[in-house]
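Trainee: By the working numbering, the letter at position 102 of the sequence shown is numbered 102, and the numbering carries on one by one without gaps.
Only true hints are included.
The calculated SDA-like cross-link candidates involving lysine to any residue, where the alpha carbons are at most 20 Å apart (straight line), are:
| # | residue 1 | residue 2 |
| --- | --- | --- |
| 1 | Lys-25 | Leu-49 |
| 2 | Lys-25 | Ser-53 |
| 3 | Lys-33 | Lys-58 |
| 4 | Lys-34 | Asn-51 |
| 5 | Lys-34 | Asn-82 |
| 6 | Lys-25 | Val-60 |
| 7 | Lys-34 | Leu-49 |
| 8 | Lys-86 | Thr-69 |
| 9 | Lys-33 | Leu-84 |
| 10 | Lys-34 | Gly-64 |
| 11 | Lys-58 | Leu-26 |
| 12 | Lys-58 | Ser-68 |
| 13 | Lys-40 | Asn-105 |
| 14 | Lys-33 | Met-65 |
| 15 | Lys-34 | Asp-80 |
| 16 | Lys-40 | Thr-16 |
| 17 | Lys-111 | Met-93 |
| 18 | Lys-86 | Thr-27 |
| 19 | Lys-33 | Ala-62 |
| 20 | Lys-58 | Phe-79 |
| 21 | Lys-40 | Leu-84 |
| 22 | Lys-40 | Asn-51 |
Computed Cβ-Cβ distance ranges for the label pairs, DEER-style:
| # | residue 1 | residue 2 | range |
| --- | --- | --- | --- |
| 23 | Glu-95 | Met-1 | 32 to 40 Å |
| 24 | Ser-110 | Thr-22 | 18 to 26 Å |
| 25 | Ile-11 | Asp-75 | 32 to 40 Å |
Derived from the structure by calculation, the hints contain no laboratory data.
Bear in mind the structure is a predicted one, so any value in this text is a computation, not a measurement.
From the three backbone atoms N, C-alpha and C, an ideal C-beta is built for every residue, glycine too.
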Amino acid sequence: MVFKINKSYAIVPEGTRELEITEAKLTPSGAPKKLTVNLKDVETGATLLNNFSLDNDKSVWAMGMFASTALGLNDGDIFDTNDLNKLIGVHLMCEVVHREYNGRNYANISKVIELACGKTPVNTNDYSDL
Numbered sequence: 001m002v003f004k005i006n007k008s009y010a011i012v013p014e015g016t017r018e019l020e021i022t023e024a025k026l027t028p029s030g031a032p033k034k035l036t037v038n039l040k041d042v043e044t045g046a047t048l049l050n051n052f053s054l055d056n057d058k059s060v061w062a063m064g065m066f067a068s069t070a071l072g073l074n075d076g077d078i079f080d081t082n083d084l085n086k087l088i089g090v091h092l093m094c095e096v097v098h099r100e101y102n103g104r105n106y107a108n109i110s111k112v113i114e115l116a117c118g119k120t121p122v123n124t125n126d127y128s129d130l
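Start from the sequences and build out the full structure, keeping to the hints where you can.
Mentor: Right, here's the structure in full:
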């Protein structure tokens, strides 16, 4: 395996940003405890990592809001974690804030506003029979 070394790190700027979902995975794979979503700032290319804990009600609620916006889900619709691949490539308008942790600044999503202009939700599931 070959890796390109890149010592520079650019934090996603604060404010309303268009972010593209580049990866979504459950970890650990055997007994998932969190959903990890990687996003890239469309303008700067800077990356942001967002974790949703699956054993915390507030975090599960936030994950539901994130998924519903990204996939065009309505209240009462089902979000199946087997469909994580449908999140890849989705562009969202998000409010990004910076927070300090252990002496370093990190970019965090404080709010998912909407799908990016001109983008269409990719939800094609019909779970109405459940």
